[in-house]
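Asks: The primary structure of each chain is shown beneath.
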Amino acid sequence: MRNRQATQLIFELSQPGTGEEYIPAVNFTEDDIRSFLPAEELATELPPLPEVSEPVLIRHFINLSQQNMSVDTHCYPLGSCTMKYNPKRNDRLAQLPGFQNIHPYQPVETIQGLLKVLYSLQEMLAEIAGMDAVTLQPAAGAHGELTALLIAAAYFRHRGEHRNTVLIPDVAHGTNPASAAMAGFRTVEVKSNAHGLVDLDDLQSKLNHQTAVFMITNPNTLGLFETQIRGIAEMVHGVGGLVYMDGANMNAMMGIVRPGDCGADMMHFNPHKTFSGPHGGGGPGAGPVAVKKDLADFLPVPVIVEKAPGQFALDEDRPLSIGKVRSFYGNIGVLLRTYAYIRTQGAEGLHRVSQRAVLNANYLLSQLRNIIPVPHGSRCLHEFVASALKIKTSRGVSAMDIAKRLLDYGFHAPTVYFPLIVKEALMIEPTETESKATLDALVEALRLIMQEPPELVREAPHTTAISRPDEVQAARKPILKWTPSADGSNG
Amino acid sequence: MAYLPQTEEEVRAMLAAIGVPDIDSLFASIPSDVRLNRPLQLPPALTELELTQHLEEVASQNQGTHQFTCFLGGGAYDHFIPAVVDFVASRSEFYTSYTPYQPEVSQGNLQVFFEYQTLITQLTGMDVSNASLYDGASALAEAVLMALGSQPGRRRVIVPENVHPEYRTVLATYLRYTSAEIVLVPTPKGIVEPEALSQALDAGSVACVILQQPNFFGCVESAGRISEITHQAGAILIAVVDPISLGMLRRPGDYGADIVVAEGQPLGLPMAWGGPYLGILACRETFLRRLPGRLVGQTVDRRGNRCWVLTLQTREQHIRREKATSNICTNQGLMALRATVYLAAMGPGGLRRVAEACLQKAHRLYRQLIEKTGLKPLFSAPFFKEFALQANSADEVVELLEGAQHEGFFAGLPLGRWYPQYADALLIAVTEKRTEQGMDHLVETLSNLRRRG
Chain W
1 MRNRQATQLI FELSQPGTGE EYIPAVNFTE DDIRSFLPAE ELATELPPLP
51 EVSEPVLIRH FINLSQQNMS VDTHCYPLGS CTMKYNPKRN DRLAQLPGFQ
101 NIHPYQPVET IQGLLKVLYS LQEMLAEIAG MDAVTLQPAA GAHGELTALL
151 IAAAYFRHRG EHRNTVLIPD VAHGTNPASA AMAGFRTVEV KSNAHGLVDL
201 DDLQSKLNHQ TAVFMITNPN TLGLFETQIR GIAEMVHGVG GLVYMDGANM
251 NAMMGIVRPG DCGADMMHFN PHKTFSGPHG GGGPGAGPVA VKKDLADFLP
301 VPVIVEKAPG QFALDEDRPL SIGKVRSFYG NIGVLLRTYA YIRTQGAEGL
351 HRVSQRAVLN ANYLLSQLRN IIPVPHGSRC LHEFVASALK IKTSRGVSAM
401 DIAKRLLDYG FHAPTVYFPL IVKEALMIEP TETESKATLD ALVEALRLIM
451 QEPPELVREA PHTTAISRPD EVQAARKPIL KWTPSADGSN G
Chain G
1 MAYLPQTEEE VRAMLAAIGV PDIDSLFASI PSDVRLNRPL QLPPALTELE
51 LTQHLEEVAS QNQGTHQFTC FLGGGAYDHF IPAVVDFVAS RSEFYTSYTP
101 YQPEVSQGNL QVFFEYQTLI TQLTGMDVSN ASLYDGASAL AEAVLMALGS
151 QPGRRRVIVP ENVHPEYRTV LATYLRYTSA EIVLVPTPKG IVEPEALSQA
201 LDAGSVACVI LQQPNFFGCV ESAGRISEIT HQAGAILIAV VDPISLGMLR
251 RPGDYGADIV VAEGQPLGLP MAWGGPYLGI LACRETFLRR LPGRLVGQTV
301 DRRGNRCWVL TLQTREQHIR REKATSNICT NQGLMALRAT VYLAAMGPGG
351 LRRVAEACLQ KAHRLYRQLI EKTGLKPLFS APFFKEFALQ ANSADEVVEL
401 LEGAQHEGFF AGLPLGRWYP QYADALLIAV TEKRTEQGMD HLVETLSNLR
451 RRG
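Residue numbers (my numbering), protein chains in the order written: chain W, 1 to 491; chain G, 1 to 453.
Don't read these hints as lab results, they were simulated from the structure.
All figures in this text were calculated on a predicted structure; none of them were measured in a lab.
Warning: the hint list may mix true and false statements.
Quick list of in silico lysine-lysine cross-link-like pairs, DSS-like style, CA-CA up to 30 Å [as the list claims (entries may be wrong)]: (1) G:K323 with W:K423; (2) W:K191 with W:K392; (3) W:K477 with W:K191; (4) W:K206 with W:K423; (5) W:K477 with G:K376; (6) W:K292 with W:K307; (7) W:K390 with W:K423; (8) G:K323 with W:K191; (9) W:K88 with W:K436; (10) W:K206 with G:K323; (11) W:K436 with W:K477; (12) G:K189 with G:K323.
Covered by chain W, per the in silico footprint, the following chain G stretches (three or more residues, Cβ under 8 Å) [unchecked claim]: (13) 155-162; (14) 388-396.
Every residue gets a Cβ at the ideal spot worked out from N, C-alpha and C, and that includes glycine.
With the hints as extra help, turn the sequences into a complete structure.
Replies: This is how it looks when you write it as structure tokens:
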């Protein structure tokens, strides 16, 4: 059924002379062009782009689309990524001409509707966060982390304090230490205790007057709520530091706990996770940052303000601002979907979303823990981490093998080998939008896989068009683009 | 609520299987002193019909380029988007998937990103492209970090004043807590003057020179000359380009740029008030290990089939943590898909046609505005699709823009917003979508306004 011709590279499908004409030609000679532009700045030949007719182009890309698993076609329990269903109304509404056809430098009086929505979104996010002010500018979660850390750096500099250290638990996402390094901080890792929570003694020993920020993901990447959070915040504040909460896992907490009420001073949201923005094959996301009052003056410019009731403006005149972290104002398309999602759910709906996400994860945990060990307890919030260590030792089947075999059963794999503190980790997050029947089918698939002959599992997947690509070769001799000479050697 | 698939009966069965009496028990680990003991204060929930009516009403309070004729540019442009771009990007197998961690079930995305990387190298003449970054401005900041990282002894970054002001602000934000120093080079003639650049390029301290081509004022720079001067000083040349201009202008790889960044919005992305957009970043092979973001490479599977995977991941945050080349995690996958479809649809001839239409229409409008309205060119340098004109005063700029808006035009950007010295000037961008009739009407409108004023 797979159309191998259509999934050749677009360059291999190129037929000079078959390109479509999408716009009218202008009557122009080389001399005309040279009268406008100096000859030495003109290209001597056209970029060697492919030329394909529209039917060839469409068949190519539609066949490629069918080479993907996606939330709309498969259960996608990829831990930490919150692959929930993306309501179609949000897509339709974000694409209204009154939102799509807006130039970023239009006069503010022509974009009052948009500003009203974004202002209202800021207020809703501040309420969900338990914080005072919000910027919508960051383009992704990691970008939000960087923004918040730059805010912290500016805050301390403004106060004349020299603090150069960011403390990060060992279970954190890699973006946390990478963002801290980009904002000019030194990072220090804080250990987890046997329960998967922050080791308070270790934290205490690393807190001092150099501590700028303690970054914590709560619930953490094991799907556990950091029960000591209030005490941790007091310890960090006690040495004059700030608490940053990575909001990657907000899907477990909406309307139940607010980071601001736990003592966090800043946080970011991942609207593409929590608020159902489609993941787009890896972006665009967004990374709004919420902060407490003392940090509000440092937010990136411009800030959307309500000048008079119902009259919105962009405030650029904020002398303490960190500046800008990207051009223009943010990933508006993602933010509009966020607004649409929150407005459809309301307070009760968001609360129920978190309840059902946690219910689904715990149900799956209760059914799976007898099949694959889950080292950190019998309960979780939105996700949990199983370990394939036992079957790896006894039968030579790794977490990756199990993940690959799940693809044959029609499920996307969980996140594997993360967090780093769990050996042979399988991080599973079903989200609230999977039915009980789907969860039961996932359990059944894993039960069968655990009983299958190891060599069958080790060679999985068997039903996909390709299986176990050679990643070592890809990295050793990188081929990062198509070139005419490499054409079709084994396609 | 139809959004949630569990029935009440199933919820009870699941709770029983877990062994708890109710859902609240699942949250027992959360201490009571941090819990929110009231409902969130949010506006009441809306059904799909109510939400649709609400957002249609809100959207109608915006006046977009479907109602106004747009001559605004400054890094975002009203180019034509072929239907195939929207159609392919609306395939939910693309837009509801995620980063291709499992290559066996992500070959669609991986191949698209491989094609994207190839198309970007074809367009720019560079050796390698990553699979995209957030936008043009943050891509520039990442490029500068690459340049600084590759030359530890050199800490100065030369930034001409005619580089997009917001890109300069973003760069300053990214560099604030590093040891790098930004050196601003004035561009009183609109373009980078070789002598001014030579002066700034003193002995051995400059890591990189940024050249925007065409620059923020729309002017076309002497890129080859700038490249030569930069390289003579041992510095790296980072070119910031408008991808549409590459249907006509020399490719940065052909004049010696070491790293190229671009805002990919003109390649089939809606303007959408500034985002989501697409950060293009390509470079010479020597900088490969310093590239931020995802990279897709070709390989073979265990049966010998050609296929694609994420590769060289040891550069990235999930492996290297604080030592990664960048903190970036996701790319702008869906936007890279749009650019891929756009470039494949347009092909070399189509891209050329768009570039020619922009050039011809921009020059037609320029000539007529100067002849018939008395506005003066701010600079005399050659330009591509965007140009700056000078009025009598900052007040007149405001009057002209407001008057034109009254007649259905977004006529231009007041330059005083970023350049106090050019407060009496406006920046006008012309794309292939502008018609002769529309442009004539703008000329007439501005000329009437000037006569009346």
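Asks: State for each hint whether it applies.
Replies: Structure-based check of each hint:
no.	hint	result
1	G:K323 with W:K423	23 Å, holds
2	W:K191 with W:K392	26 Å, holds
3	W:K477 with W:K191	37 Å, violated
4	W:K206 with W:K423	26 Å, holds
5	W:K477 with G:K376	56 Å, violated
6	W:K292 with W:K307	21 Å, holds
7	W:K390 with W:K423	10 Å, holds
8	G:K323 with W:K191	19 Å, holds
9	W:K88 with W:K436	22 Å, holds
10	W:K206 with G:K323	21 Å, holds
11	W:K436 with W:K477	45 Å, violated
12	G:K189 with G:K323	42 Å, violated
13	155-162	violated (count 0)
14	388-396	violated (count 0)
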